[in-house]
Amino acid sequence: MAKHVVAAVGEIPPGGRKLVTIRGREIGVFNLDGAFYALVNRCPHQGAALCTGAVVSRLEAPLPGEYRLAQAGAMLRCPWHCWEFDIRTGQSWCDPNDIKARTYNVSVEPGEALAKGPFAAETVSVAVEQEYVVVEL
Amino acid sequence: MNVTLRDHRIDNPAQSHLGFIDCDVHPFYRSPADFDPFLSERWREHRRSIGHRSRQGLARTSLYPRMSPGNGMRGDAWPKDGSPPGSDLELMREQLLDLFDVRYGLLAPLVGGAAAERNVEFGAAMAVAVNEWQCAKFCDPEPRLKASVQITLEHEESALAEIEQRAGDARFAQVNIPPRGLEPLGRHRYRKILAASAAAGFPISLHLGGTSGHASTGGGWPSFYHEEHPSYVQSMQTLVTSLVCEGVFEEIPDLKVVLVEGGFAWLPALAWRLDKHWKRLRAEVPQLKRAPSEYIREHFWVSTQPIEEPERPADMLSIIEWIGPERVMFSTDYPHWDQDDPRYAFKVKLPEDWARMIYRENAQALYRLD
Ligand code: FES
Numbered sequence: 001m002a003k004h005v006v007a008a009v010g011e012i013p014p015g016g017r018k019l020v021t022i023r024g025r026e027i028g029v030f031n032l033d034g035a036f037y038a039l040v041n042r043c044p045h046q047g048a049a050l051c052t053g054a055v056v057s058r059l060e061a062p063l064p065g066e067y068r069l070a071q072a073g074a075m076l077r078c079p080w081h082c083w084e085f086d087i088r089t090g091q092s093w094c095d096p097n098d099i100k101a102r103t104y105n106v107s108v109e110p111g112e113a114l115a116k117g118p119f120a121a122e123t124v125s126v127a128v129e130q131e132y133v134v135v136e137l
Numbered sequence: 138m139n140v141t142l143r144d145h146r147i148d149n150p151a152q153s154h155l156g157f158i159d160c161d162v163h164p165f166y167r168s169p170a171d172f173d174p175f176l177s178e179r180w181r182e183h184r185r186s187i188g189h190r191s192r193q194g195l196a197r198t199s200l201y202p203r204m205s206p207g208n209g210m211r212g213d214a215w216p217k218d219g220s221p222p223g224s225d226l227e228l229m230r231e232q233l234l235d236l237f238d239v240r241y242g243l244l245a246p247l248v249g250g251a252a253a254e255r256n257v258e259f260g261a262a263m264a265v266a267v268n269e270w271q272c273a274k275f276c277d278p279e280p281r282l283k284a285s286v287q288i289t290l291e292h293e294e295s296a297l298a299e300i301e302q303r304a305g306d307a308r309f310a311q312v313n314i315p316p317r318g319l320e321p322l323g324r325h326r327y328r329k330i331l332a333a334s335a336a337a338g339f340p341i342s343l344h345l346g347g348t349s350g351h352a353s354t355g356g357g358w359p360s361f362y363h364e365e366h367p368s369y370v371q372s373m374q375t376l377v378t379s380l381v382c383e384g385v386f387e388e389i390p391d392l393k394v395v396l397v398e399g400g401f402a403w404l405p406a407l408a409w410r411l412d413k414h415w416k417r418l419r420a421e422v423p424q425l426k427r428a429p430s431e432y433i434r435e436h437f438w439v440s441t442q443p444i445e446e447p448e449r450p451a452d453m454l455s456i457i458e459w460i461g462p463e464r465v466m467f468s469t470d471y472p473h474w475d476q477d478d479p480r481y482a483f484k485v486k487l488p489e490d491w492a493r494m495i496y497r498e499n500a501q502a503l504y505r506l507d
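Which chain is which? The protein sequence lines are R and Y, in order.
So the first sequence is numbered by this note's numbering: it starts at 1 and just counts up by one.
So the second sequence is numbered by this note's numbering: it starts at 138 and just counts up by one.
Note that these hints are calculated values from the structure, not bench results.
Careful, some of the hints might be misleading.
[Claimed, not checked] Simulated pairs of lysine-lysine, DSS-like, Cα-Cα distance not exceeding 30 angstroms:
1. R:Lys3 x R:Lys100
2. R:Lys18 x Y:Lys217
3. Y:Lys484 x R:Lys100
4. R:Lys116 x R:Lys18
5. Y:Lys416 x Y:Lys393
6. Y:Lys393 x Y:Lys484
7. Y:Lys329 x Y:Lys426
8. R:Lys18 x R:Lys3
9. R:Lys100 x Y:Lys486
Using the sequences provided together with the hints, build the complete structure.
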């Protein structure tokens, strides 16, 4: 398991995302209210580029006709058949026990620590005074 | 206790699809004016100044909005210049024809509004225009694509003329008839059109969708697209039942019917039910010389997308066995949001000979392709 620097923190604003390729694997890195999450860019259903889908809220209806938006912006809707996944856990909304999109550990680390290594920064150059999003893979 | 294990084959793509025949591909226009070169000035002006009058009562939208932008397009199928998915032949090659080495793709143009047009003469003109447009934009530059003859069921004379005109033209593979009509397709008033299709060597393909102006279910209008979707299947069932019960296949023994995008797990159950009732009610339908299931087995083909996904994936094999593997044909529905990827659509491994039939041989034989 190696750590990969994928972006400077400011590069992915809240609600934003960045698609990166790490060791040949496409991964989507998302910022949800300041916390970062990473998912494989491949839907477990039929393989669509999941991380290019719409970011939506979890819409709940405790009773017919009563609606509430829960967890704003926490769900990712596949661009093909619209299956929805929790960005934080990869869990499928319609079949949470059986289906999961692959997730990766993400951390935010100061450039100072990263400068000491070991880490892989394929495309991002690191400055000590900044903070970086780091994906483990 | 039995435990249901989902067989996720996403990491183990099937290969047997390579060189398949895709029985449902949707071409689209860049702009509605794309049809103008194929319309007479009389209808060009009509299109511009009066426009379409569909039986659904709404213009420029469908009765039930889809989840995906573009009225149900696959999210990643938009050409870079923002044109509608399905309008760019290059992208269609990249995402479908070349990617999967598709041998042939059968076009199902759900454009032009010919079938549901209230002004049936305009509808007839649009049908001809869409036929010309399919050839000019898709089949001539890309011979792997085969056109479907568009007609207006409610204008018999023009429909017959158009079928005759396209007979023997290898660019056309079949006649498209919308499954939601003013009356069930087996009714006598449509018989000549069905006979002409068979005589021309064209199967008729019933592609799910469209609107007749009637409520989409026998019990009234649904609230949600989620409800509307299975109601398309009901209209397919109505047509199968109507074609069988009216004795159409006794009168036109070489008529072949393809049910496109309507699912198929329901077909055996419908056949069982029709057989059961036929034993009791045959005196009412003496035109039926054989059990309904026999006509169904002999005259109907089904396309796969949107594929059935039974909870126990292996149940798929029983369903195909009941229908007959020689009657099932693979389709993607590119570039629609609910399209199937040939590598991952089947969540169960098909026997080799079935895979060959479903991906290729059945369509090859039905449409007389090489
Ligand atoms: S491929 Fe993602 S929902 Fe089907």
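> Which of the numbered hints above does this structure break?
Replying inline: none
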